[in-house]
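*Asks:* The residues making up each chain are set out below.
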Amino acid sequence: MLRLRKGRRNQNLFINMENRLPNYIRAERRKTGLSQREIGLILGYVNEKSVSKHELHSSMPPLLIAIAYSVIFEKSAAHLFAGLQDGVASVVEKRIDDLENHLLAQWDDGKDRSAATRHKLEWIKGRRRSESGEQSGR
Amino acid sequence: MALSSMNDRDHGNLILPSTTRLLGVSVHPRSFGFVIIENGSVLDTGVRTCWTPEFEDCLGSRLQRIVQAYKPSALILRESESNNSAPQKKVLVHAINRVASQHNVTTFRISQPRLRRYFLGYDSTTKHEIASTVARLLPELAWQLPRKRKPWESEHYRASIFDAAAGLVVHASVTENETKDNLAELHES
Chain G
1 MLRLRKGRRN QNLFINMENR LPNYIRAERR KTGLSQREIG LILGYVNEKS VSKHELHSSM
61 PPLLIAIAYS VIFEKSAAHL FAGLQDGVAS VVEKRIDDLE NHLLAQWDDG KDRSAATRHK
121 LEWIKGRRRS ESGEQSGR
Chain U
1 MALSSMNDRD HGNLILPSTT RLLGVSVHPR SFGFVIIENG SVLDTGVRTC WTPEFEDCLG
61 SRLQRIVQAY KPSALILRES ESNNSAPQKK VLVHAINRVA SQHNVTTFRI SQPRLRRYFL
121 GYDSTTKHEI ASTVARLLPE LAWQLPRKRK PWESEHYRAS IFDAAAGLVV HASVTENETK
181 DNLAELHES
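Read top to bottom, the protein sequences are chains G and U. Numbered according to this note's numbering, the first sequence spans residues 1 to 138. Numbered according to this note's numbering, the second sequence spans residues 1 to 189.
To be clear, the hints were calculated from the coordinates, so they are not data collected in a lab. Treat the hints with caution; some may be incorrect.
Unchecked claim - Label-pair restraints from in silico Cβ distances: (1) ASN104(U) x LEU99(G): 54 to 60 Å; (2) ILE96(G) x TRP143(U): 26 to 32 Å; (3) TRP152(U) x TYR45(G): 52 to 58 Å.
What the hints assert, rightly or not - Cut-off 27 Å, straight-line C-alpha distance, at most; resulting in silico cross-link-like pairs (BS3-like, lysine-lysine): (4) LYS31(G) x LYS49(G); (5) LYS120(G) x LYS94(G); (6) LYS31(G) x LYS71(U); (7) LYS127(U) x LYS89(U); (8) LYS71(U) x LYS53(G); (9) LYS75(G) x LYS71(U); (10) LYS71(U) x LYS49(G); (11) LYS111(G) x LYS94(G); (12) LYS71(U) x LYS90(U); (13) LYS31(G) x LYS148(U); (14) LYS127(U) x LYS148(U); (15) LYS75(G) x LYS31(G); (16) LYS125(G) x LYS111(G); (17) LYS53(G) x LYS31(G); (18) LYS31(G) x LYS127(U); (19) LYS75(G) x LYS49(G); (20) LYS127(U) x LYS90(U); (21) LYS94(G) x LYS125(G).
All residues carry an ideal CB built from backbone N, CA and C; glycine is no exception.
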């Protein structure tokens, strides 16, 4: 499970959101014609403040609320939080690259040539192949 | 992201942004209507009104909030119908231009004759017919379409949303044609 730790390391999760908006909650809500208060009531909030904060991206919805938004608007979380998805994806990919470099360095130095390390490196390579295949297929 | 950079590479010299957000604004003496579209679908609409004496600052800051939230690549402003339009409109247009230049947003103006000419192609001449055509082209707006007003009734406040959207539709069609021409030129060369 990916744990997004609080602190400086995750500050850069929210960069790279210039193209797509951090979230499309407001756009989806406007399509339905529902007010922030009505959405808030569906989500179990007592007023519209939290929904407003989520829409303006001044606070992030908890996981259960994010899933609830996804259920209400019948859209995937990746679509509703498109900008966040982009930001998180780019940071995660960068960290996987760093991990691969670290494992390769250990392999080359002869410090760790275990079957587990070989398996991890093959998984990273296979993951990259499937990702590039998906992109060329789009 | 990898996908957007791939898109850029695929188009060679013509770099198309993967996401284009456009802000359409229609100005009234003490209010403005706006529509935000992204890749052809409506993100947000609304009317902002200020009745304070410093209405241009008030409306300017409200527009600023919209620009900051959506970061549009261009602002499409509908020009007023005549030169004798209300002085408040001119003040407001000035405030809008100021906000746009502060945020490096390119402003395009859509003149009334150009807009009328464009919608003539859809057999739409009156304001209500144009709004109905816009609602057909952008179905997300359909539920907001005001009913046709009677001669003794004043205009519905949501009509300015459709004024702004009409300007956006004209601009988007012009841009689309230009892109097609650019692509055709690239293919020929």
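*Asks:* A separate judgement is required for each hint: does it hold in the structure or not?
*Replies:* Structure-based check of each hint:
1. ASN104(U) x LEU99(G): 54 to 60 Å: Because 38 Å falls outside the window, the suggested range is violated.
2. ILE96(G) x TRP143(U): 26 to 32 Å: Check failed, 45 Å falls outside 26 to 32 Å.
3. TRP152(U) x TYR45(G): 52 to 58 Å: Because 44 Å falls outside the window, the suggested range is violated.
4. LYS31(G) x LYS49(G): holds, 20 Å
5. LYS120(G) x LYS94(G): holds, 16 Å
6. LYS31(G) x LYS71(U): Holds. LYS31(G) to LYS71(U) sits at ~20 Å (cutoff 27 Å).
7. LYS127(U) x LYS89(U): Satisfied, since the Cα-Cα distance of roughly 19 Å is no more than 27 Å.
8. LYS71(U) x LYS53(G): holds, 18 Å
9. LYS75(G) x LYS71(U): holds, 23 Å
10. LYS71(U) x LYS49(G): holds, 23 Å
11. LYS111(G) x LYS94(G): Cα-Cα ~24 Å, so holds.
12. LYS71(U) x LYS90(U): Given that 27 Å is the threshold and the Cα spacing comes to 24 Å, the pair holds.
13. LYS31(G) x LYS148(U): holds, 22 Å
14. LYS127(U) x LYS148(U): holds, 9 Å
15. LYS75(G) x LYS31(G): Between LYS75(G) and LYS31(G) the Cα gap is close to 13 Å, so the pair holds against 27 Å.
16. LYS125(G) x LYS111(G): Roughly 21 Å separates the two Cα atoms, so the pair holds.
17. LYS53(G) x LYS31(G): Between LYS53(G) and LYS31(G) the Cα gap is close to 19 Å, so the pair holds against 27 Å.
18. LYS31(G) x LYS127(U): Holds, at roughly 23 Å.
19. LYS75(G) x LYS49(G): Status holds; Cα separation ~22 Å.
20. LYS127(U) x LYS90(U): The given pair, whose Cα atoms are some 22 Å apart, holds under the 27 Å limit.
21. LYS94(G) x LYS125(G): holds, 14 Å
Hint check: violations occur at hints 1, 2 and 3; the rest are consistent with the structure.
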